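We have chain A; now place chains B, C, D, E, F and G onto it with these hints.
Protein chains in written order, with the numbering used here: chain A, 1 to 99; chain B, 100 to 198; chain C, 199 to 297; chain D, 298 to 396; chain E, 397 to 495; chain F, 496 to 594; chain G, 595 to 693.
Simulated from the structure, these hints should not be mistaken for lab results. All values reported here derive from a predicted model rather than from experimental measurement. Just so you know, even glycine gets a beta-carbon here, dropped at the ideal spot from N, CA and C. One thing to keep in mind: the hints can contain errors.
Stated by the list, open to error - Below, computed lysine-lysine pairings styled on DSS-like, alpha-carbon distance capped at 27 angstroms: (1) A:K48 / B:K115; (2) A:K16 / G:K642; (3) D:K313 / D:K345; (4) G:K610 / F:K543; (5) F:K511 / E:K444; (6) E:K412 / D:K345; (7) C:K246 / D:K313; (8) C:K214 / B:K147.
Unchecked claim - Which stretches of chain A does chain G cover? Using the computed rule of at least three CB atoms under 8 angstroms from a CB of chain G, they are: (9) 72–83; (10) 91–97.
As the list claims (entries may be wrong) - To give an idea of the interface, some chain F residues facing chain E are shown, with a C-beta separation under 7 angstroms as derived from the structure: (11) I575; (12) A580; (13) V585; (14) E587; (15) V588; (16) T590.
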Amino acid sequence: MNKLTGIRRLVLDVLKPHHPSTIELAETLSVIDGITGVNIGLYEVDQKTENIKITIEGDQIDYNVVRQAIEKLGAVVHSIDEVAAGNRLVEEVPTLQDR
Amino acid sequence: MNKLTGIRRLVLDVLKPHHPSTIELAETLSVIDGITGVNIGLYEVDQKTENIKITIEGDQIDYNVVRQAIEKLGAVVHSIDEVAAGNRLVEEVPTLQDR
Amino acid sequence: MNKLTGIRRLVLDVLKPHHPSTIELAETLSVIDGITGVNIGLYEVDQKTENIKITIEGDQIDYNVVRQAIEKLGAVVHSIDEVAAGNRLVEEVPTLQDR
Amino acid sequence: MNKLTGIRRLVLDVLKPHHPSTIELAETLSVIDGITGVNIGLYEVDQKTENIKITIEGDQIDYNVVRQAIEKLGAVVHSIDEVAAGNRLVEEVPTLQDR
Amino acid sequence: MNKLTGIRRLVLDVLKPHHPSTIELAETLSVIDGITGVNIGLYEVDQKTENIKITIEGDQIDYNVVRQAIEKLGAVVHSIDEVAAGNRLVEEVPTLQDR
Amino acid sequence: MNKLTGIRRLVLDVLKPHHPSTIELAETLSVIDGITGVNIGLYEVDQKTENIKITIEGDQIDYNVVRQAIEKLGAVVHSIDEVAAGNRLVEEVPTLQDR
Amino acid sequence: MNKLTGIRRLVLDVLKPHHPSTIELAETLSVIDGITGVNIGLYEVDQKTENIKITIEGDQIDYNVVRQAIEKLGAVVHSIDEVAAGNRLVEEVPTLQDR
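Same shape as in the complex, but just chain A (with noise of 0.2 angstroms):
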C-alpha cells in the first residue's frame, strides 16, 4: 500500500491588493484539484493592500499550484503559519510550554 503523503491543511498569511476581493479568492481557490474549502479571514485592511489569513483544507494540496493561484491574483504569501499532512489530519496541540 502506497502512504497517502499529501498535505490536509494550509494556513497561510497573505497580504492582496484590494481587486479583486477576497470572494473570487476564496472562489479561485475552492475547484483546485485536491481542495475541499477554503476560508479566508480578514486581518487587517490598509489604503492599498489587505492582509488576510487564508485556511485551506483538502486531501492532496498542492502548495505550488495555491501559491501560483494566489500570485496570479496580485497577492504574495508572507508566510506558512500551519501545515498538517498525512493519512490523518492533526491538529496542534496545546503543551504546557505554550502557557
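This is chains B, C, D, E, F and G only, laid out in the frame that chain A set:
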C-alpha cells in the same frame, strides 16, 4: 463531475439606518436563493445609524445579490470579514501566530 | 416550494418594572404561536426597574406579537441584540475582526 | 394540542442560615413535583449565613412551591437570575453586546 | 413510583494531614455504597497539612457516611462547595450575574 | 459483586535528570499492568534537571509500582496533583469557589 | 498478549533553516512508518532560522527515526514538549496546580 465552487459563508460588517429594522433585513436576506440562514448581531448603535454584523450561510451564496439587497434597504457593506467557499465549509483555524 | 422566512431566534434587551415577575413574562412569551422556548436573564436590578435579556427561539417568531406582549406587561424593548432567520438557525461566527 | 407553558429552569440567588445544610435543602427541593434535578453552589460563607446559587431543572417547575419550600427552611430568595420556559429549554445566547 | 432523592454529586473542600495519602483517601471513598467515582485534587500543601478538593459522584451518596470516612482518616470537611440531587445530575449554569 | 476500587487516573509532578529521556520514561510506565496510557509534559528545563507532569490513566493503577519505576530511573515524585478512583473516572468539577 | 508500548504522540520544539520549507518537512515526516499525521506550526521567524512546533501522531512513532529525519534536513530538536505512550492516547489533564 463539476466541482461546486459556491460561497458557503459570508460575514459582513454593515452600516445601516435604524429603519428598516434588523428583523426586516434578516427576513429579506434569508429568502434569497442559495441562502439557508442569516444571523444579524448589533455591534453599536448611534443616533442615526447602527453598525451590525451579518453572518450568512448557504450552499451557493451570490455576494452581488446580497450586496444589492443590503443597499436597496439603505445600508452599506463596510468590509467582508470572512468568506468560506468549496465543497465543505472550512472554519478559520487559530494558529500559533494568532496568540 | 415556498421558502420559510421565519425568525428563528430573537435576543432582546428589555427594561421592565419589578412586577409582573420574569417568571410571568417567560410564561406569557413561551405560549405565543411560533415560539418553542424562552430564556430570561437578569442584567441589573434598580429600585424600580430591572434590565433583562430575553432569548427567544422558535420557527416562526412574530416580533410584533412579542413586542406587544412585552409592552402589555409594562416593559419596553431597548434593542434587538440578535436576530436569526431562515431555514436553519445560523450562529454568529467570531472572526479575526472581533479579537 | 395544549402548549406546555411550564418553567424548565430556575436559577436563584438565595441567603440561608448554616442549618439546615445545603444537602438537606437540595434533597427537599429535588422531590418537589415537576423537578428533575437540583444543583446548589456556595457563593460565600458568613458567620451566620451562606449565600448560595440554586439551579433547578424540570418540566413543570412551580416557583411558588419552590419559594415556600426555601422559606420554610429559613432561607430567602434574593433574586431570580435566570428563568427558562416553553416546550424546549432555551439557553441564554452570548451576543456582541455582552462582550 | 417513589422519586429518587439521592445526592448525585458532592464537592468538598477538605483539610487533611499528609498521611494517609490522597490515594488511600480516594480508594476508601470510592468503595462506599452509592458512590461510583471519586476525584481528589490538590489545592495547597503546607508543612503539616494539605488542602484538597474532593469531587464525588454516584446515585445515592450518603454525606454522613462520607464525612465519617473522611474524619476517620484524620481529615476535616471545611465546606460543601457543590451539591447535586434528583433524578438527573443538574450542572450549575453560569448566568449574567456571574460575569 | 466486588466493587472495583482501582485508581483510574494519577497526575504527578516529577523532577528528573535529563537522562533517561521523557520518551523512555513514558514507554516504561505505559507497559506497567493496569495502565492504558501515559502523557508526559515538560514544565521547565534546568541545567541538570527537568520538571515534568505525568498523567497516567488505566483501570487498576498501582501507585507504588509507578513510583518505584519512576525512582528506578533516577526521578522523584514531588506531589500527587490529582487522583481519580472508582467504577467510573470522575473529573474535577469547577465550582463557584474556584472563580 | 503483548502490550503495545508505542509512542502515540510527540510534540517537538524545533529550530530549522528557511529551506527546506515546513511543507517539505511535514511531507517527509508524514510518510515515516508508524506515523499517521503531522502538524507543523510557526512559532517565530528570524533572518536565518524558523522556530517551529511539530505535533506528530501515530501508533508506533520511533523518535530516533523522527529526529534523524529532522536533522537530515538541517533542523535540530530543542525540546520534547509532550510525549504520549500506551494502548490509548492520554491527554494532559489541567489540575488545580496549573491555575
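Here is what the structure says about each hint:
no., hint, verdict
1, A:K48 / B:K115, "holds, 25 angstroms"
2, A:K16 / G:K642, "holds, 25 angstroms"
3, D:K313 / D:K345, "holds, 9 angstroms"
4, G:K610 / F:K543, "holds, 25 angstroms"
5, F:K511 / E:K444, "holds, 25 angstroms"
6, E:K412 / D:K345, "holds, 25 angstroms"
7, C:K246 / D:K313, "holds, 25 angstroms"
8, C:K214 / B:K147, "holds, 25 angstroms"
9, 72–83, "holds (count 5)"
10, 91–97, "holds (count 6)"
11, I575, "holds, 6 angstroms"
12, A580, "holds, 4 angstroms"
13, V585, "holds, 4 angstroms"
14, E587, "holds, 5 angstroms"
15, V588, "holds, 5 angstroms"
16, T590, "holds, 4 angstroms"
Consistency note: the structure conflicts with none of the earlier hints.
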